[in-house]
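Undergrad: Let the hints inform the model, and build the full structure from the sequences given.
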Amino acid sequence: MRSPLLPPSRKLETLLGAGVALLLAMPMASCRERAASAAGSDGADAEWPMVGKDYQNRRFSELAQIATANVSQLKVAWTFSTGIPKGHEGAPLIVGDTLYLVTPFPNRAYAFDLHNPGGPPKWIYDPQPSAAAQGVACCDVVNRGPAFWQGKLFFNLLDAQTVAVDAATGKEVWRTRLGDINHGESMTMAPLVVKGKVLVGNSGGEFGVRGWLAALDATSGKLLWRAYSTGPDGDCLIGPDFHPFYPGDRGKDLGVHTWPPDHWRQGGGTVWGFVSYDPTLDLIYYGTANPGVWNPDMRPGDNKWSAGIFARRPDDGRAVWFYQWNPHDLYDHDGINENVLVDLPLGGRTRSVLGHADRNGYLYLLDRATGEVLSATPFAKVNSSHGVDLKTGRLIPADDKKPRQGRVVRDVCPAAPGAKDWQPMAFSPQTGWFYIPHNNLCEDIETTDASYVAGTPYVGANVRYHAGPGGARGSFTAWDPVAGKAVWNLSESFPAWSGALATAGGLVFYGDMEGWFKAVDARTGVLLWKFQTGSGVIGQPVSYRGPDGKQYVAVFSGVGGWAGAVVSGDLDTRDATAGNGWGATMKDLPGRTSKGGTLYVFALP
Amino acid sequence: MRRPCLALLAGATVAMTTGTMACKHETHDVRPSSEVSQAGSGVVLSTLFAGGVPSAIAGTLQTSQENAFAMNEGKRLFDAYNCSGCHAHGGGAIGPALMDAKWIYGSAPENVYDTIVEGRPNGMPSFRGKIPDFQVAQLVAYVRSMSGLAGGFWAPGRNDSMQVKPGENTVSTQAPVRAPGAPPP
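Protein sequence lines correspond, in order, to chains V and A. In case it helps, the numbering used here puts the first sequence at residues 55 to 659. In case it helps, the numbering used here puts the second sequence at residues -8 to 176.
Hints may contain errors.
Unchecked claim - Heads up, simulated DSS-like pairs for lysine-lysine below, C-alpha to C-alpha not over 27 Å straight-line:
| hint | chain 1 | residue 1 | chain 2 | residue 2 |
| --- | --- | --- | --- | --- |
| 1 | V | Lys435 | V | Lys456 |
| 2 | A | Lys93 | V | Lys649 |
| 3 | V | Lys445 | V | Lys456 |
| 4 | V | Lys641 | A | Lys15 |
| 5 | V | Lys445 | V | Lys435 |
What the hints assert, rightly or not - Which residues of chain V face chain A? A partial, calculated answer using Cβ under 10 Å:
| hint | residue |
| --- | --- |
| 6 | Gln188 |
| 7 | Asp194 |
| 8 | Asn236 |
| 9 | Glu260 |
| 10 | Gly509 |
| 11 | Thr510 |
| 12 | Arg518 |
| 13 | Ala521 |
| 14 | Gly525 |
To be verified - Residues from chain A that keep clear of chain V, each with C-beta distances beyond 12 Å, as calculated:
| hint | residue |
| --- | --- |
| 15 | Lys15 |
| 16 | Thr18 |
| 17 | Val21 |
| 18 | Ser24 |
| 19 | Gly50 |
| 20 | Thr54 |
| 21 | His80 |
| 22 | Glu101 |
| 23 | Pro123 |
| 24 | Gly148 |
Rather than coming from a laboratory, the hints here were simulated on the basis of the structure. Nothing here was measured: the structure is a model prediction, and the numbers come from that model. Virtual Cβ for every residue (Gly too), placed ideally from N, Cα, C.
TA: This is the structure in structure tokens:
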């Protein structure tokens, strides 16, 4: 379908490049083909149809035109200013000859014709979400991107609605309200479309909301099922098919009994991260966020099903297994970080696993059919726990770092934003390594009594963060999951809050909060190219092949998000708790970058 | 206008010997009305007000502003009503910073009162009907003290908890400015 557009030489080069990548990545090839066809692409890897690139969430592009040898020549091809001075955590999507993007609040969508780079948008869609929703967005008014499926673009609005837009015309097809801002609910995550169902979840873990993942019919927007993260089994779509690996997750109505009476109604467990899908096992995977009210003394118990991961059937949402990263979470360690589906040689055989770098500082490999923890290895400084007991699956908390109401517990690592927050890692089948943008932060924490007032924050903790060992606040790490260790590590002055992109050109791309967008050698970590975008980069980089046959790399610039709210929200850093903990440690950020959202698209000259 | 408390100036000895000499800046009403908050500036249908412009809240607001007890209560309520969840301890988070000199919707006690009771369009919730009037007045007193608008003579008590910012009475007093992009007053 697309190949006739390509000049013969380009076509050959691309095919060769793809062939080499396939040879290097034989175990992954079958999964990749399935994912590509499910996304409606022609398999030539020109497109980027979902924020994680494929159902496995690998963020790997097989394009190899931009490579280690020539990346130093990379230049800006075109740009687009969103005009919004808030955090840009999204990813543009590329399908066919069109690039689509969704802005932070007010969540406008744009489509650009790639035959006319730099030209005006083909269409603009303005959904006009309620301005009041900004008051229940815990961590800047971000949006993590849209999803594309069969001619429609799907995305969430900050005021807890999901919309579908005709990708050809920009006309609204349907709009479904799923939550209520007056109870603290908002929506920021990127949907995933599986088998004609748009999977979306809520945000609001700092407002005592009750988390859920919902499936909407892609054609009509009708709610097909909703699986809550707390409460009775019926609400959580837990039934006879539910077989968690560890005994601690078995029993009736644990979503009720692992809480003080009725606390599950404000129990959090929101679903604001990325969803993955394994078509062979027919399972979707997603994490649940922190339990409601940070102060752990107010909610004795394991607080299920918060801070864990669910595997469910996409057809009806029924749960198949669950594993809790952080039973009775002590530190706002949401379990929502992405789960990257990979097949790895472990213990002499190839195993279907998912990789997950948690806020708690461990990189987990789980058997994705059963939920068994195969390994959990610290990838950052951890003193708040002593590891994961592989017999019971439980994290072993460190007594001396447990928060206790009315006391200040000092130098807890990792801090509330975790060793790694939402910023998604990439996986390169060429190296077999994960590329993890993450944080190096510790904290002082004092927990306090909190009153639940619907629609207002429900936190009960004073926190202030500081840089971890070495003094740098961030890090970008290449991680060998088979060996269970870092291969190389790049120190970052600020938290590495952008997503990562790996390409078949032997490159890895990411951005820093000072505005530099960087390309490094995937094998060595050597910096090969960087460009100053003018505002901190916290977006998700993507790569695509344009109608002209050239490879492009695109990323949002625009500082903000939880870590960058000091700049995007004009916070006063004399208060160490400004931005919920960032004041003290981000004092220097306003001098290093300024606000403003721009899409940058790069190519070789 | 902002006269320091006489008793403080005159010294404790005088205060003790006179006995009856109470300081109005240290007084507190032990049985305040629990009437819920009402609009500070209702819809005006006439510009003619017989005997002057009435205000249901002027009295409470005024007596709270230069009063240490009111500020201290305001500081407690600032956490209890989850104000600190959005504004942190003045540095701001989901909502704007309150310890700086920028005032999007005005810095006068009446402005701050209206902001709490009526809400504001970009995310400040309306607490109308949720907080008793006298407590709103105490919150107003505390919020204004965060940026030094209360002056140095009256301050809330120091933190019982983790020290995260300079004390309210040591914040340098800056003339209030309108925030960039703020709507016209």
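Undergrad: Look at each hint and say if it fits the structure.
TA: Comparing the hints with the structure gives:
1. Taken as a hint, the V/Lys435 and V/Lys456 pair is honoured in the structure, with Cα atoms around 16 Å apart against an allowance of 27 Å.
2. Among the hinted pairs, A/Lys93 with V/Lys649 is consistent with the structure: their alpha-carbon atoms are about 18 Å apart, no more than 27 Å.
3. For the given pair, V/Lys445 sits about 23 Å from V/Lys456 by alpha-carbon distance, which is consistent with the 27 Å threshold.
4. Annotation: proposed proximity of V/Lys641 to A/Lys15 is violated, straight-line Cα distance about 40 Å (limit 27 Å).
5. Straight-line distance between C-alpha atoms of V/Lys445 and V/Lys435 comes to about 24 Å, which keeps the hinted pair within the 27 Å bound.
6. Hint on V/Gln188 holds. Least Cβ distance to chain A is approximately 4 Å, under the 10 Å limit.
7. Because the beta carbon of V/Asp194 sits about 9 Å from the nearest beta carbon in chain A, less than 10 Å, this interface hint is met.
8. Taking 10 Å as the C-beta cut-off, the interface hint given for V/Asn236 holds, the closest approach to chain A being about 8 Å.
9. Because the closest C-beta pair between V/Glu260 and chain A is about 7 Å apart, less than 10 Å, the hint holds.
10. Interface hint status for V/Gly509: upheld, as the beta-carbon distance to the closest one in chain A is roughly 6 Å, under 10 Å.
11. Taking 10 Å as the C-beta contact cut-off toward chain A, the hint placing V/Thr510 at the interface holds, the least distance being around 4 Å.
12. The interface hint given for V/Arg518 holds, since its Cβ lies 6 Å from the closest Cβ of chain A, which is under the 10 Å cut-off.
13. With its C-beta approaching chain A no nearer than about 17 Å, V/Ala521 sits outside the 10 Å limit, and its interface hint is violated.
14. Proximity of V/Gly525 to chain A is violated relative to the hint, the smallest CB-CB distance being about 21 Å (cut-off 10 Å).
15. Distance check for A/Lys15 against chain V: the nearest CB is about 31 Å away, which clears 12 Å, and the non-interface claim stands.
16. Every Cβ of chain V is farther than 12 Å from the Cβ of A/Thr18; the closest lies at roughly 28 Å, confirming the non-interface assignment.
17. For A/Val21, the condition that its CB be more than 12 Å from all CB atoms of chain V holds, with the nearest at approximately 23 Å.
18. The claim that A/Ser24 is not at the interface with chain V holds, since no C-beta of that chain comes within 12 Å of its own (minimum 22 Å).
19. Distance check for A/Gly50 against chain V: the nearest CB is about 27 Å away, which clears 12 Å, and the non-interface claim stands.
20. With a least beta-carbon separation of about 26 Å from chain V, A/Thr54 lies farther than 12 Å from that chain, consistent with its non-interface assignment.
21. The claim that A/His80 is not at the interface with chain V is violated, since a C-beta of that chain comes within 12 Å of its own (minimum 5 Å).
22. Residue placement check: A/Glu101 keeps its beta carbon more than 12 Å from all beta carbons of chain V (closest about 22 Å).
23. Remark: the non-interface label on A/Pro123 is consistent with the geometry, its nearest Cβ contact in chain V lying 14 Å away (cut-off 12 Å).
24. Every CB of chain V lies more than 12 Å from the CB of A/Gly148, the least distance being 16 Å, so the non-interface label holds.
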